[in-house]
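Spelled out, the chains give:
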Amino acid sequence: MSLWKALGRETLNHIGKRPGSRAVTLVMVSLAFVIFNTFLLVSWNLERLLQRELQSVRIEAFLSPELTQAEGRSLSDLVSTMNGVRSVYYVSVYEAEALFRAEMPEQERLLDLLSGQFRLPASIQVSLEPGWDNESGVRSLAAAIQGLEGVTEAVFGEEYLPGLSKTVSAFRKLLVFLGTVLAVSIALVVAYTVRLSVLQRSLTVEIMSIVGAPDWFIIAPFLAEGTLTGLAGALGGLLISVVLSGMLQGAVGHSFLPPQLFWTVVLLGGATGAVGAILGIRPGKTSDGSNNQI
Amino acid sequence: MLIEIEGASRSYGHWPALDQVTLQVAEGEFVVVSGPSGAGKTTLLRLIWMGDMPDRGFVQVAGFRSDMMKRRHFAMLRRKIGIVFQDFRLLPDRTIFDNVALPLVVSGSSSRAVRKRVFSLLALMGLSHRRNSYPHQLSGGEQQRVAIARAMAAHPLILLADEPTGNLDPEASTKVIQHLIDINRGGTAVVMATHDPRRIPPGSARFLFLDGGRLTNAESWQDLEETR
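Protein chains in written order, with this note's numbering: chain A, 1 to 294; chain B, 1001 to 1228.
This is chain B alone, in the form it adopts within the complex (with noise of 0.2 angstroms):
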């Protein structure tokens, strides 16, 4: 198992974001977790980008398990994961390409392999002719893309979306599911996390349902419908 959730709490305070969640990612999984506004869902992400670690229960990611982990795990994890957030997380003193660049920059990569993977996933963003503009030039659904490049820059195992067509237009929304089809497609699991499912083509994905901090499986977003 690429994700191996087992048992996880998280509190913040006397707030159980998390409780007893258990969950299990295959490679090339597709894996849509729903469910209202503070339902725990950011939280879930967390864990498994380990920006946050449970109080109860592990998380294991790509082989890094989260109550072993030492400090110089986390940058050798992250490497193998990318986040794509709901307010983009642009650098914004960066140009596109820089932004998108930053990835294979920290991990060393040479800047000729830097300069091909980034035009190439510009190119497939439709994005190219915007390379040198800045982000605050872009719409959002364009900036939303150039993040999702961003995350697949170093070539992940997991790309966790947390919302992201949250600040979309549905146009814009749709696009960018589109991609993350595609980039399932292509191999590497999708775990997202929104409030509205029904942007997800039915049979594309599996759907799992949050509240309360609680997490339940469901067949579509027809069947979270009904779990609601």
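One chain only, chain A, in its complex shape (with noise of 0.2 angstroms):
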């Protein structure tokens, strides 16, 4: 029998026992992961929120009004060469006279009351390159197109995209202190179940020792114990937030989490439970300082 085999049978039959304090221990880190997989899946959804927004986001330059039609195009024709900008669209005084009677048919009348002492300004709609719509990029084009002679005022959203740029970051900060939190609960929790296996198989570890088995072949089954646990909560804690999820999307509409990020957890969970089973098997010492554990 090669050792690894051994090794194989010996981890599952150590996996084996205890099933009752396992399925505490299983549950236990399943709820751990509903929690920081509902937290993830909000984050997730703001950051794809916030995405979509700044995908459409425009940047509307306003022209002053001693520019001739000529001058703005010719400006429009410079914006375009522009690093960040994919295209431009000039709007004629007469167009965003024509564009505002349409969008707006029930402020028409000011408009004609205006029409002596005030025309609406010509302005460049510009459009962004991939990789430029989040909120520095359109900031920083915005900034060197106000910069432009000619130009008197360039906008793009500031007024919510900063917002909302906001509280996926803060989401995203909650997530991490959460996360961390919920490891080291998870880590206990598995290193707390491993050290009680490591106890309850202290004459196992102990024959083990003293028939000559390297430490890894004692070690291995209360790592793989740890790890499981850890990969089995995480899919279960997956699993409960997929059925919740799917309750919830009638109220909330909202997207799960994708393939790369679910097994993200899953392998989280596998790490998480790998390192509660190391603080488990750590070597204790007794009261005469010899060793009392593995």
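Note that these hints are calculated values from the structure, not bench results. One or more of the hints may lead you astray.
Straight-line alpha carbon distances no greater than 25 angstroms define the calculated BS3-like cross-link-like pairs of lysine-lysine that follow [as the list claims (entries may be wrong)]: (1) B/K1080 to A/K5; (2) A/K5 to B/K1116; (3) B/K1116 to B/K1175; (4) B/K1116 to B/K1080; (5) A/K5 to A/K17; (6) B/K1080 to B/K1070.
Build the complex from these two chains, which are given one at a time in their own frames, with help from the hints.
In structure tokens form, the structure reads like this:
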């Protein structure tokens, strides 16, 4: 029998023991992952919303009334050569007025009254290259356009984008904090379970050590226990999250986690479980100073 | 020398379990360490299999020296030592076959080699018919013979027996001691700790007396009686 085959048998034999306490640990780890998944889901959906908003963002550069239509068009050509600009559309004074009348028919009379003293300004509508559709990209391009001679103002929806960005950023920070707290909690729960296992199997551990089993051979089943508990807990948490997400879909429209995030959560579970197992099998000291663990 | 202990002391708190013990055991020797309960016999054996380390002095066993041991050396040393305990320490959830096979399994022996060695040892101990039983289904004497078979599975250089007859009736004790003598005749050094050395036939072993952590030599168990 090869050592690996023996190790496989040993691990299976080990994992088949104490189904009751293993189930309790699994439920606790799963519930911790449900909390984590909920925040991850909210954060990811907010992030998607922000991305969608950013992708639809246009910079609108209003031109000085002194500029002629030819000067406005040449300024528009200049903007189209700038980095990050995908396309530009020049909106003349006349077109701006026509658009206003079409989009706000109730305000048409006001425009007629003011037509002697006020005219809507010509503008350039700028759409962005992919990769520039983030808040800092939009902001820097808008500042560059605003710096051009003949441009009075460049706007891009700065009244709501920073707020949305901040919310997403706050959720990300909360997620990292919560993730850390939950990872530590899960690791401690797994560590406690593995330590119980070590104590319950102290005779096996002692005999294995006495008959010359290498350390890794003795430790591996406990590591496997912790890692599998973490993996199964993460999968259990995801399963519960899928069900909850489906139930809430009607009330709050959202998407579930994409496959790469799904598997990241599963891997996180495995890693947390492995860390917990390592904590659980760390040697402890007895009162006489000798090791009482593996 | 197979075992060399030089000025080894071990204390637990303020209690000196062993005090300046010096001992040499040659290959193929049979050494009986006697003494009352709490004399330090188990501690001495623990130092030999390096389940514990001396506070002072050193222990050298089969080329492994206590003050130069690295973590990986412990497994290597213990494959050269077989250990038998008073309470047998068989794994209750495994069959007799699996218990005896354990030292071979953890050293990566082939299934064929494991089967051959385990069947041979069980036959030697008169336990072939019990190979699929579990420890709790066996008598104390049978369990101790299983423990001896397990200790001998990996062809150790040294067999340590800590009060191997302590939990057995006289008949079973005699059988177990005879097995230890046979094993020693096969060339394996045996160090046996017992509070009752009278069961060992005169001339078959070197007798040592341990009390209050101090070791003294004796020619026979009768000498030990006088020492006491």
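Okay, the hints, checked on the actual structure:
1. B/K1080 to A/K5: holds (23 angstroms)
2. A/K5 to B/K1116: holds (18 angstroms)
3. B/K1116 to B/K1175: holds (24 angstroms)
4. B/K1116 to B/K1080: holds (20 angstroms)
5. A/K5 to A/K17: holds (19 angstroms)
6. B/K1080 to B/K1070: holds (16 angstroms)
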